[in-house]
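A.B. asks: Listed below, chain by chain, are the residues.
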Amino acid sequence: MALDHVDVQLGGVLALRDITLRVGRGEFLALIGDNGSGKTTLLRALHGLVGHTGSRTVASGSRRTQAMVFQRPFILRLSVWHNVVIALWLAGVDRRERPERGARALQRAGLDALRGRPAWTLSGGQQQRLALARAWAVGPELLLLDEPTANLDPAARQEIEELLASFNREGMTIVMSTHDLAQAGRLATRIVQIDRGQVRTDLPASRYFERRRDAGAFPSAQGNPI
Amino acid sequence: MLDLTESLGVAAGLILHADPVMLRTIWLSLVVSGSACAIASVVGLAAGGWLASKPFPGRRIVVAGLHTLLALPSVVVGLVVYLLLSRAGPLGAWGILFTPGAMVIAQTILVLPLLAALSRQLVADGLRQAGDPLRSMGATPMVAGILVLLHERWAVATIVLTAFGRALSEVGAVMIVGGNIEGVTRVMTTSIALETSKGDLPLALALGVVLLAIVATVNGMAILARRLQRGESSWGEP
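Sequences listed follow chains G and W, in order. Residues in the first sequence are numbered consecutively from 1, following the numbering used here. Residues in the second sequence are numbered consecutively from 1001, following the numbering used here.
Check the hints yourself; a few may be wrong.
Claimed, not checked - Straight-line distance between alpha carbons at most 20 Å, and here's what the computed SDA-like set of lysine to any residue pairs gives:
no., chain 1, residue 1, chain 2, residue 2
1, W, LYS1198, W, ILE1181
2, W, LYS1054, W, MET1142
3, W, LYS1054, G, LEU49
4, W, LYS1054, W, ALA1038
5, W, LYS1054, G, GLY48
6, W, LYS1198, W, GLU1006
7, W, LYS1198, W, GLY1172
8, W, LYS1198, W, THR1005
9, W, LYS1054, G, ALA165
10, W, LYS1054, W, PRO1141
11, W, LYS1054, G, GLY51
12, W, LYS1198, W, VAL1021
To be verified - Cβ-Cβ distance ranges computed for the label pairs, FRET-style:
no., chain 1, residue 1, chain 2, residue 2, range
13, G, ASP34, W, LEU1228, 36 to 42 Å
14, W, GLY1092, G, ARG56, 57 to 63 Å
15, G, HIS5, W, PRO1090, 58 to 64 Å
16, G, ARG95, W, VAL1215, 41 to 47 Å
For the record, the hints were derived by calculation from the structure and aren't laboratory data. Glycine included, every Cβ here is placed at the ideal spot set by N, Cα and C.
Could you build all of it, start to finish, from the sequences and the hints given here?
C.D. replies: Have a look at this one:
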């Protein structure tokens, strides 16, 4: 998918300015930037949730080939199972396919044993895994994530990262915003840095971290803390 | 005329012995207010959900008008429905003035703004957080509104119970369109008004106690619904 010279105005403020961005199939793109830099707005623009000027091209067509997981996972006050089934229903999946796809999604996310549980009783990490299961169940080609591990403890964060890495290995294109450079280093194939609504840097991950090492800003892309 | 203590004694006897006249009056109250609330809930929740989820030109004016109708005096509602249903009115051919049907219509109109306004607020608040995720999953605005109502079902229960309490407790509208006819359109509130004006306190007191008990029960159920709502974490908080 591609954004070409896209501006997004929110509440009279130009949140994104002249954004040109192409996302290739199979990429794992990390959006990094400070709070208020425009990462979330960019994700929403990619997903078609905000109005914009300029052009937005999606290779496969509608939002149904994409899925988005938000920082605070939206969980219906129903069972784990019903959360997945409703997502499949909203995505237009045939009702005969829903049980099998829902079951596979929960199994993939390690939530199969919890399918009957009220979803609001899950831990934060489990709820985020449910959100990912729901997204994966509809079979998106592009998965957008807005800081999916921001509120999670290290163990839960690792579970989510492993799940995302496995999705990407299977060919799913992923665009994820994150504050965590180490996480970006572990997962991403490409780093896009946003600052005040504009793309400042757009590099393959290895080159990005090389540059930062050369500039003395980040000792390692392997997860060492800053 | 009995003094207060004697009246209370007789009232207690009416309650304990399940006086048939009292029971018939209570039953009619519950049927009329329950029916009005059921009809108004279907229409009001749908209208509230639609108003919250579907932007259109002039929506703010409609919402402001809806909030104004919250303060609609029950006697004015009764008067309007009376004028509509009277023989000279546009719906006079229905022939339902001074029947429970007319009372149901009047109370439906009375509680409809309450249901619509509160459900609109509930859905609007819910969509502020859930709007994007639901749109992302493919929900149309109307489906998103319905899912929010489903998600907030205990809050919806509280709204419906509040509307029921309002309907059950009002006297002006049902007095005008029902006529307070014994055995036909006499409900708890109109009966209390009549018996008190006659100085005949026992039945009024008995019905008053029962009405208080029902209202307290309804309120208790609303409190329970709010507790159940709070017991379920909201919007994916870990």
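A.B. asks: Next step is simple, just say for each hint if it's right about the structure.
C.D. replies: Now for the hints, and whether the structure bears them out:
{"no.": "1", "hint": "W:LYS1198 to W:ILE1181", "in the structure": "holds (15 Å)"}
{"no.": "2", "hint": "W:LYS1054 to W:MET1142", "in the structure": "holds (7 Å)"}
{"no.": "3", "hint": "W:LYS1054 to G:LEU49", "in the structure": "holds (16 Å)"}
{"no.": "4", "hint": "W:LYS1054 to W:ALA1038", "in the structure": "violated (24 Å)"}
{"no.": "5", "hint": "W:LYS1054 to G:GLY48", "in the structure": "holds (18 Å)"}
{"no.": "6", "hint": "W:LYS1198 to W:GLU1006", "in the structure": "holds (16 Å)"}
{"no.": "7", "hint": "W:LYS1198 to W:GLY1172", "in the structure": "holds (18 Å)"}
{"no.": "8", "hint": "W:LYS1198 to W:THR1005", "in the structure": "holds (18 Å)"}
{"no.": "9", "hint": "W:LYS1054 to G:ALA165", "in the structure": "violated (38 Å)"}
{"no.": "10", "hint": "W:LYS1054 to W:PRO1141", "in the structure": "holds (6 Å)"}
{"no.": "11", "hint": "W:LYS1054 to G:GLY51", "in the structure": "holds (17 Å)"}
{"no.": "12", "hint": "W:LYS1198 to W:VAL1021", "in the structure": "holds (17 Å)"}
{"no.": "13", "hint": "G:ASP34 to W:LEU1228: 36 to 42 Å", "in the structure": "holds (41 Å)"}
{"no.": "14", "hint": "W:GLY1092 to G:ARG56: 57 to 63 Å", "in the structure": "holds (59 Å)"}
{"no.": "15", "hint": "G:HIS5 to W:PRO1090: 58 to 64 Å", "in the structure": "holds (60 Å)"}
{"no.": "16", "hint": "G:ARG95 to W:VAL1215: 41 to 47 Å", "in the structure": "holds (44 Å)"}
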